[in-house]
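Protein chains in written order, with the working numbering: chain A, 11 to 158; chain B, 1271 to 1420; chain C, 481 to 889.
Any given hint could be a false lead.
To give a feel for the contact side, a few chain A residues facing chain B, derived at Cβ under 10 angstroms [stated by the list, open to error]:
{"no.": "1", "residue": "65"}
{"no.": "2", "residue": "66"}
{"no.": "3", "residue": "79"}
{"no.": "4", "residue": "81"}
{"no.": "5", "residue": "112"}
{"no.": "6", "residue": "113"}
{"no.": "7", "residue": "114"}
{"no.": "8", "residue": "115"}
Treat the hints as calculated values from the structure; they're not laboratory data. The C-beta atom is built at its ideal place from N, Cα and C for all residues, glycine as well.
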Amino acid sequence: MGVVTKAVNWARIKSPWILHFNTGACNACDIEIIATLTPRYDLERFGVQLKGTPRHADVLVCSGPVTRQIKDRLVRIYEQMPEPKFVVAVGTCACSGGVFQDCYNVMSGINAVIPVSLFIPGCPASPKAIIDGVVKLLQSLEESEAKK
Amino acid sequence: MSFEEDIKQSLIKKFNYLEPVIRIQRARRIFLEVTPENFHPVFEYIAKDLKFSHLCTITGLDENEKLSFIYHLVQDPGIMINLKTSVPKENPVIKSIIEIFPGAEIYERELVDLFGAKVEGLPEGNRYPLTDDWPKGEFPLRKDWRKKNA
Amino acid sequence: MHNSEEFKIPIGPQHPALKEPESFSVALKGEKILGIEIRLGYNHRGIEKAAEERTYIQDIYLIERICGICSHSHSTAFVQAVEEIAGLELPKRALYIRTLIGELERVHSHLLWLGVAGHEIGFDTLLMYTWRDREIVMDILALLTGNRVNYGINTIGGVRRDISKEQAEEVLKAMDTLEERTKYYIELGLSETTLVKRLSGVGVLTYDDALRLDAVGPTARASGVKRDVRKDDPYAAYGEMDFKVITEKNCDVYGRTLVRLKELMEAYQIIRQCIKNLPEGPVTIKAPRKIPAGEALSRYEAPRGEDVHYVKANGTEKPERVKVRAPTLANVQAVKQMLKDRFLADMPIVIAAIDPCFSCTDRLVSLRQVDSKDKKTMNWQTLREYSIDWHRKQGIDFKKLNQKLKTNV
């Protein structure tokens, strides 16, 4: 592995850039994601930064059960992200469809549309759960990095 | 006499056929039902002359052979008239009310998408709330509609 | 590109900060917005149909999840309608607790909005300040209901949790802190040049337009329309509360900010009254499982405006029809009016000001020359080729540049 790749991987683990995308959620998970980034919980101290465009993002944070209309957009955003990319499903809806399972306009879960790396259940997932999830994702990245 | 009773009397005075179909359910809630032919004069009278100037929303209902639409109108402050009209399900045509309430456009689109109502006078525009590739002739809020396991 | 031509830019549905995905198609001439088309429905999940297929008790949880920010508004509006059909007379203590939670929700929602508005105008310090203070009210909500968001406190016939004396004291303490902070924000709102200059005269909605387009909530009240369901059509315990309906005559985003800030102060007063006058007694009465046939309409003043629920019962365990009209839908038409002939740069804050808290990344997907004769649409590829070509004409050749880069690596 070249020095450059090593540096890039190090930077990615130390400061993952995330993109938040509402795929038809009720906003509860979304405000908890934002709460995680603001002073009380302050996920930014781990280097996590919220970005506005998929082209800058390493991690796609999705909330919501994926509505029929958002499906194509979700796939498109996923495709626009540079490799390697990770998807985090926040909230029970994003994991399985939650209370909206079997609704006619819902695809039930992010997993039904794009591959998911990490599931954080909860209705809504509390900021503590989200931090725990992010730490676990970073740990697993570090471990797979060490194996190389 | 209460405000509600006043409104009821003035409605009956203007349209005497309303007497059996008007009811005051509780304070500030008046329900009445009219035939589609009588709908527009009554609606206009309520909206313009009685100054029920705020349209809350339009509710669609599937009642087996017919589709019903309830227009929820509010007079400041706080008295609400729920004006209901029903049309046959095979040919559910209603007239648009966007001339009186421009804000009603989105509610009417909802009726078109979810109930299959045909709204005369509704301009072309983006559909709401279903997707563009939603199959034609499928109206999810009708009672006989079931989700197909695609 | 040329200033003289008109263009259509699609904005959304993906955006960085928050909330509902919506898509806007904006017709532009230079920087000026000529017209705007809104495409909603990205969040349409089919809740109304699902509600018909579930029992009333299940529906409370479903309807609470229409919106995570005003979850208490929706569930209260729904249970109120069901209670009216069933003819239930609720214990007063239950009504007071509902009012209390409703106002706490308003506090959290307005603080949230203030932060988002700050973010939209590039004033991120305000976002961090308000969201830090918002955690105080989130703690209180978690203390009283067991959950930070989606409180699950309503049930048909009352509320599911009582409030103890110690909890009440905690609430009062928190209100004192928050009131201090809000006073600071009001002072900030009145004197901070960044806020005043950026928000004044932006997103104007005149009194007549607000009436004509049926605007609701703070959006309408900032245009001088004195419309508040809590006063006009009192529900829960609002009939016994002493509070003012806040209106402003600014008609712009600045006015909407002031309305929300002042409403926060009113909310603290209502919360204090709820705690002080909390009647003794049970918090719930037994409700039947099957609701008798009938219909009812319930209105609720959510933080964003009037929330309307229509419920029709048919004598079974499941409702015949549930219709929900959330406040944002009523304000969508007003947004079109606010943005007409305004600048594109104002769009995020104007849309955020009705509080769907919309902020957008401008993702150019297709460009269309609106009024030119050949209405050609450019997709990504042709757009890319067009831009490479354009740059080449300016003397920048990416091919050479790319080769240069490659040889360097």
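Practice problem: Give me the numbers of the hints this structure contradicts, sorted from smallest to largest. | Solution: Hint check: 1 and 2 fail, others pass.
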